[in-house]
Structure formats: structure tokens, C-alpha cells
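Peer 1: The residues making up each chain are set out below.
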Amino acid sequence: MAEAASHHDVHGHDPSLQHHFDNPEQQFDSGKLGMWLFLATEVLLFGGLFVAYAVYRANHPEIFVYAHQFLDKRLGGINTLVLICSSLTMAWGVRAAQLGQQRLLKILLSLTILGGFIFMGIKYVEYKQKWEHGLLPGKHFTHKEGGHAAEKAPAPAAAAPAAAATPAPAGTAHAGAAAAQGAATPAAPAAAAAPAQASSGTLKLEPSLIKRAADGPAGLAPTTRAGAEHEAAPDKVWIFFGIYFLMTGLHAIHVLAGMTAIGWTLRKATLGAFGPTYFTPVDLVGLYWHLVDLIWIFLFPLLYLIH
Amino acid sequence: MAHHDHPPAPQGHANVGHVVSLRVLFAVWGALMVLTIVTVAVTYIPAELLGPFTLWVALGIAGIKASLVALYFMHLRWDRPLNGIIMAISIAVVILFVGGALTDTAEYQGDMIPGYAPDMAGAQPKPAGAPSP
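Quick mapping for you: the protein sequence lines, in order, are chains A and B. Everything in the first sequence is counted per our numbering, starting at 3 for the first residue and increasing by one. Everything in the second sequence is counted per our numbering, starting at 3 for the first residue and increasing by one.
Since the hints were derived computationally from the structure, they do not count as laboratory data. There's no promise every hint is true.
Stated by the list, open to error - Here are some chain A residues the structure puts well away from chain B; computed CB gaps all over 12 angstroms:
#1 Cys87
#2 Ile120
#3 Leu138
#4 Thr144
#5 Gly251
#6 Ala263
#7 Trp266
Claimed, not checked - Simulated restraints on C-beta separations:
#8 Gly65/B x Leu39/A: 31 to 39 angstroms
#9 Lys270/A x Pro54/B: 45 to 53 angstroms
#10 Arg269/A x Ser69/B: 27 to 35 angstroms
#11 Arg269/A x Gly102/B: 42 to 50 angstroms
#12 Phe99/B x Met122/A: 47 to 55 angstroms
In this text, a Cβ means the ideal position worked out from N, Cα and C, and glycines have one as well.
Isolated chain B (complex conformation):
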């Protein structure tokens, strides 16, 4: 009775997987196009208004676009949760990787600049012709 042990397929036997409606596909496509234009338009905002948030605005828009692609074009919204978990873990590992590398490089930056003394005791300006690589 092997096949009776399986839960019935969500979409019945005729279709395997989830069929995305055309309305959803075109809505997601429209949102992606608009967000692409927005992310370019944001670069015309003077830097003093956005300041250090420029990068985070760009990454935020890219994150929204990526989520739309993953959830709708890649079917993750209707998929088996395991597939989404695999994707989420891989992204989390990359964020951990980037974060750890940035923390590390920031920590040791003082030691890595030629001509720059890591000793912070005497914060005196060097002469103009400071040693450079």
C-alpha cells in the first residue's frame, strides 16, 4: 500500500507543482522593472541627503527584488519548505562570511598599512611626505 502512505498531492494528480497565474507573474515583473528604475534614480539624489545610507538603500532595493524573484519566479512561496530553508541557510552563511571578514579586516587594519604605526599612544600628525607603499 505504498502510495496510500503519501499525503495527497496538493494540486491533485493532474498537475505536479504549483502553477503561477499570469497576473502574479506580470505583477512581479512590473515590480522588478519599477524597482530597477528606482535603484538607478536613487543615485541621482545628492549624496549629502542619503549619506552613508546610499549603500543600504541600494542593498535594500536589491533585497526586495531578490525576494520577489525567489518567492514568485522561483516558486519558493508555494514550494516545499525544505527548498527555501536550503536557500536561506546559504544566504545566511554568505552574510556571516562577509560580516566576519569585514570585522576581521577592520580589526587588523592598523597593522596592515605600510608606514602606519599601530601604536596609538602618540597621536601626532606625520610630516606631509609620509611614507607610502
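Here chain A stands alone, though its shape is the one from the complex:
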């Protein structure tokens, strides 16, 4: 140990190197390992929500196909691009810190935070639309068909055969059909939960692509039902919005936490704390920010682009 200490003295004592590490590299690797362990727990945290999504979608695909039309895939797509750009500025910022480019580092960290603000701003617009139209989870769901022009229903595949448009993940056709039987009954409870909310818009809703299941066991029997009910909203649409708000809300909290953390590194950067041998905070906060981006990369297609 004495020799190791004297080794450091040759180079002069590095104030950013804690005494319980041999050298900056070991310190960096230890911090990074700890951050990856934390990120693994984050993946597991979101994993639970992905399970909720997968199970509910496997059992009630018609709800997801019906409800996704209320999500604006243009805004969601723009938000995806914003996060990817802010991931680039973050990764570039780590490089700038490694190379000791102090001014560039501060610019890039600021741009990354700006990306977070743009993302949250767009998120605010989306949430506000949902709120105004009663597209909320549980008993707060007060939406009735009709509504706002901003929530246009593109209906690109409205005429598609229902069977082809059922992307039941991993669930068998048997399970999907059985589930649809339970859920695709006319939306009497939905209407009951939404008294006197009739809106005067001109929105023509996309009919559900999922045919109402036959009445026989597991939908095995051929249905002779007319197609009229297919136009109706499926039952319990609010559960989609429960999943939507939980997943995007938890993600948005992570964006806010990431922006706070980047703000903290930006402050340290203005004090000139980072250089080639000590940039660990920038790197680890960057890892967190990339994970937030990574989760959104999955949330966006799963929530906005279903059909």
C-alpha cells in the first residue's frame, strides 16, 4: 500500500481520486459497475409494467386497437426523435468531458436538458388532451365517442380482416378469442360510467379491428352476429389509459430525474470539475439518460403504433 501511495505521489495527488481506490481507472470502473446494477433494477421496475401491458393486451387486443387512436403518433414520434437527439448530445458530452473540452461539455449538457424540456412540453400537451377528453384511468374515464378534431382517427386499416389485424403477442388464438368474448360485449358499463358527457365533435371513430368473439366456448363457434356492435367502443377502455398513464408517467418522472441529474453535472462542469481522469458523473448520468431513451424506444411503438 505504501508503494501504491508513493506511486500516486509521483503524479501529484489527484483531488478527484478517493483514497480507497488504487487509481482513477479502478474508481471509474467501480462507479460504472454500480450504475449498471442500478440500471438493471430500473429495467426490472419497468419490466413489471411491461408485463401488465403484455397480459392485458393478450387478453383484450380490441381495447388496445380501439384506444391507440386517441394517442397522437405524430407527437409521440417527434418526442422519440427529441429523445434520440438529446441522447446524442449526452453521449457527445461524455466525449467532451473525456477530452477536457470544457466549453463544449457545458453546451452539450445544456442542449441535453433542453431536449428534456421539449420532451416534457410535448408530453404536457398530450396529457392535457387526454385530460380534457376524459381519457383517464379507472372511474375518471368519462370519454364518449365523438370529440375533438385534434384526435383524428386515421383508420389506415379499418377495412382489414379482423383476424389478420390481431397481433396477439405470444398468446394463442384460443386465448385471444376467449378474451375477446368477455370484453367485446357492448359497452354498457362504459356508457354508465360516462353520464351526460356527450360532446358535439365530428370525430368518426375507427371501428375496432377485432371482431366480437363468437358466443361459443373460446370463440370456436361461427358467429352470425351483424357487424353493428363492432362500431361500439369496447368495454373497459379505461384500463388501457391506466397502463398508458402508468408507463408514460413513470417514464416522465425518469426524464425529470435525468434532467435534474444533468443539471447537477452541468453545475459541476461550470466549476471545471471534469477532465480526462475524472468524468464519472457525466458518464453515469449519461447512462441513466440513455436508459430513459431506451425505455421510450419500446414504449413508443407499443403504445402509439399498435394496429
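We have chain A already, so just place chain B on it with the hints.
Peer 2: Then chain B, alone, in the frame of chain A:
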């Protein structure tokens, strides 16, 4: 002689960790932007062409994008393998979790629908006014 026992740092003593070139960063960024546009564009393909593969196409593109972010932006390609192993294990556990939950819910679906008899013996259609929750 503590420090002599350590292998020399791959990048020498001046730099800790791997510095990613700007060319790589911008190439990955471009690929991510293009793939985002592709994943939106795929939704305009009529459903009868892709059918049940829609979900897998979307998940495949998302997987490629996630791999690009993890390997290049998150440095996993040049990192200590242990970090990548931790990430891979966490993702594997989530896949196991989702897969197990889906298998389970599919298995018991028949028992969970109100008004639906799990007895498969008589596959007769019920009357139109079938009981609903």
C-alpha cells in the same frame, strides 16, 4: 507493488474509459433517426400485408435501436463485459417474466371470463344475449 499487479489500462494512463469517435456517434444517431421514421412508416402498411407480424416488426426495430443505444451511446461495446452481462441478465429476466405471465394468463383464460363455461365438451353457441359482466 500493488499497482504492478493490475493489467495496464487499455487506453493508457491519460484517459480513463473509451472515447467514442464523433463519426461513430453521428452514424448511430442517424441510424436511430432513420429507424424511428421506419417504425412509424411501417404502420401505414395495410394490416393484411403484415398481419400478426406487425408487433414483431415494431419490437424488432425497437430492439435494433435499443442495441445501438446500449452498444455505442452507453459504451457497452468497449466496456468491461461484466456491465453488459448485468444488463443482459436484467433483460432476460424481464423476457422470462413477460413470457411466464403470458403463458399463465393464456392457460387460465377460460376460467376467468364471467359467463363463460370452461367445460369444452359441448361446443354449442350460446344465445345472442350471452351473459356479460
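Peer 1: Find the hints from earlier in the document that the structure breaks and name them by number, from lowest to highest.
Peer 2: 1, 8 and 12
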